[in-house]
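Peer 1: Produce the entire structure from the sequences given, and follow the hints as far as they go.
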Amino acid sequence: MAYLLRAAKTIFVVAVVTFGSWKLLGALEALLDHLTPADSDRNPLAGVPYYWAADAAVIALYPLAIWACLRLVRIRGNHLAVTVGSFTWVTLMLQHLDISTTGNALRFMIHVLLAAAASLLQAALMPVSTRPQVPLP
Numbered sequence: 000m001a002y003l004l005r006a007a008k009t010i011f012v013v014a015v016v017t018f019g020s021w022k023l024l025g026a027l028e029a030l031l032d033h034l035t036p037a038d039s040d041r042n043p044l045a046g047v048p049y050y051w052a053a054d055a056a057v058i059a060l061y062p063l064a065i066w067a068c069l070r071l072v073r074i075r076g077n078h079l080a081v082t083v084g085s086f087t088w089v090t091l092m093l094q095h096l097d098i099s100t101t102g103n104a105l106r107f108m109i110h111v112l113l114a115a116a117a118s119l120l121q122a123a124l125m126p127v128s129t130r131p132q133v134p135l136p
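Heads up, the sequence shown is in numbering that gives the first Met the number 0, so the first residue is 0 and it goes up one at a time.
Note that these hints are calculated values from the structure, not bench results.
Check each hint, because a few of them may be wrong.
Distance windows between CB atoms, simulated [what the hints assert, rightly or not]:
{"no.": "1", "residue 1": "Ala-52", "residue 2": "Ala-7", "range": "33 to 39 Å"}
{"no.": "2", "residue 1": "His-78", "residue 2": "Phe-11", "range": "15 to 21 Å"}
{"no.": "3", "residue 1": "Ala-52", "residue 2": "Phe-18", "range": "21 to 27 Å"}
{"no.": "4", "residue 1": "Phe-86", "residue 2": "Leu-124", "range": "17 to 23 Å"}
{"no.": "5", "residue 1": "Pro-43", "residue 2": "Met-125", "range": "50 to 56 Å"}
{"no.": "6", "residue 1": "Gly-102", "residue 2": "Ala-26", "range": "21 to 27 Å"}
{"no.": "7", "residue 1": "Ala-116", "residue 2": "Asn-42", "range": "41 to 47 Å"}
{"no.": "8", "residue 1": "Ala-52", "residue 2": "Gly-19", "range": "16 to 22 Å"}
{"no.": "9", "residue 1": "Ala-29", "residue 2": "Gly-102", "range": "20 to 26 Å"}
{"no.": "10", "residue 1": "Ala-45", "residue 2": "Leu-105", "range": "33 to 39 Å"}
{"no.": "11", "residue 1": "Leu-105", "residue 2": "Thr-82", "range": "21 to 27 Å"}
{"no.": "12", "residue 1": "Val-72", "residue 2": "Leu-120", "range": "15 to 21 Å"}
Ideal placement from N, C-alpha and C gives every residue a C-beta, glycine not left out.
Peer 2: Below, the structure is given as structure tokens:
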């Protein structure tokens, strides 16, 4: 039962952080689109460093957000989930910011399930001395 609860918490956290990251990146890109139209008439590459900086900021904040949220829901030993979740987010999700298509929804499900599987694997591999002591039902 503890493994199912851990998987459910991980799925919830990864889904919330992924949606939050999508919204943050979308808002930053919309702001940059609004700020750079006059410059793009003169220079087609205007604002590119700003877009790169926005992408880098969201990419850097994503693992930190997953780690912090997993700690908030009291999941210890979440290094593997953070690593796998961050890698799958960058490779599967970052290019596809719209979840309205079937392929993007499938990518999202794969991303969330891989992070949950990594969390369960980490829990199974944790030494007994570092596992949280919870009362058994």
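Peer 1: For each hint, tell me whether it holds in the structure or not.
Peer 2: Quick rundown of the hints versus the structure:
Ala-52 and Ala-7 have their C-beta atoms about 35 Å apart, which keeps the hinted 33 to 39 Å range intact. For the pair His-78 and Phe-11, the beta carbons lie near 19 Å from each other, so the given range of 15 to 21 Å is met. Distance hint for Ala-52 and Phe-18: a CB-CB separation of about 22 Å, consistent with the stated range 21 to 27 Å. The hint said 17 to 23 Å for the Cβ distance between Phe-86 and Leu-124, and at roughly 18 Å that hint holds.
Distance hint for Pro-43 and Met-125: a CB-CB separation of about 52 Å, consistent with the stated range 50 to 56 Å. Between Gly-102 and Ala-26 the CB atoms are about 24 Å apart, so this pair conforms to the stated range of 21 to 27 Å. Remark: the range hint 41 to 47 Å for Ala-116 to Asn-42 is upheld by a beta-carbon distance near 46 Å. The hinted range of 16 to 22 Å is satisfied by Ala-52 and Gly-19, whose Cβ atoms lie roughly 19 Å apart.
Between Ala-29 and Gly-102 the beta carbons are some 23 Å apart, a value that agrees with the proposed interval 20 to 26 Å. Distance hint check: the CB atoms of Ala-45 and Leu-105 are about 35 Å apart, consistent with the given range 33 to 39 Å. The supplied range of 21 to 27 Å is met by Leu-105 and Thr-82, whose beta-carbon atoms lie about 22 Å from each other. A hinted range of 15 to 21 Å holds for the C-beta pair Val-72 and Leu-120, which are about 18 Å apart.
Checked against the numbered hints given earlier, this structure breaks none of them.
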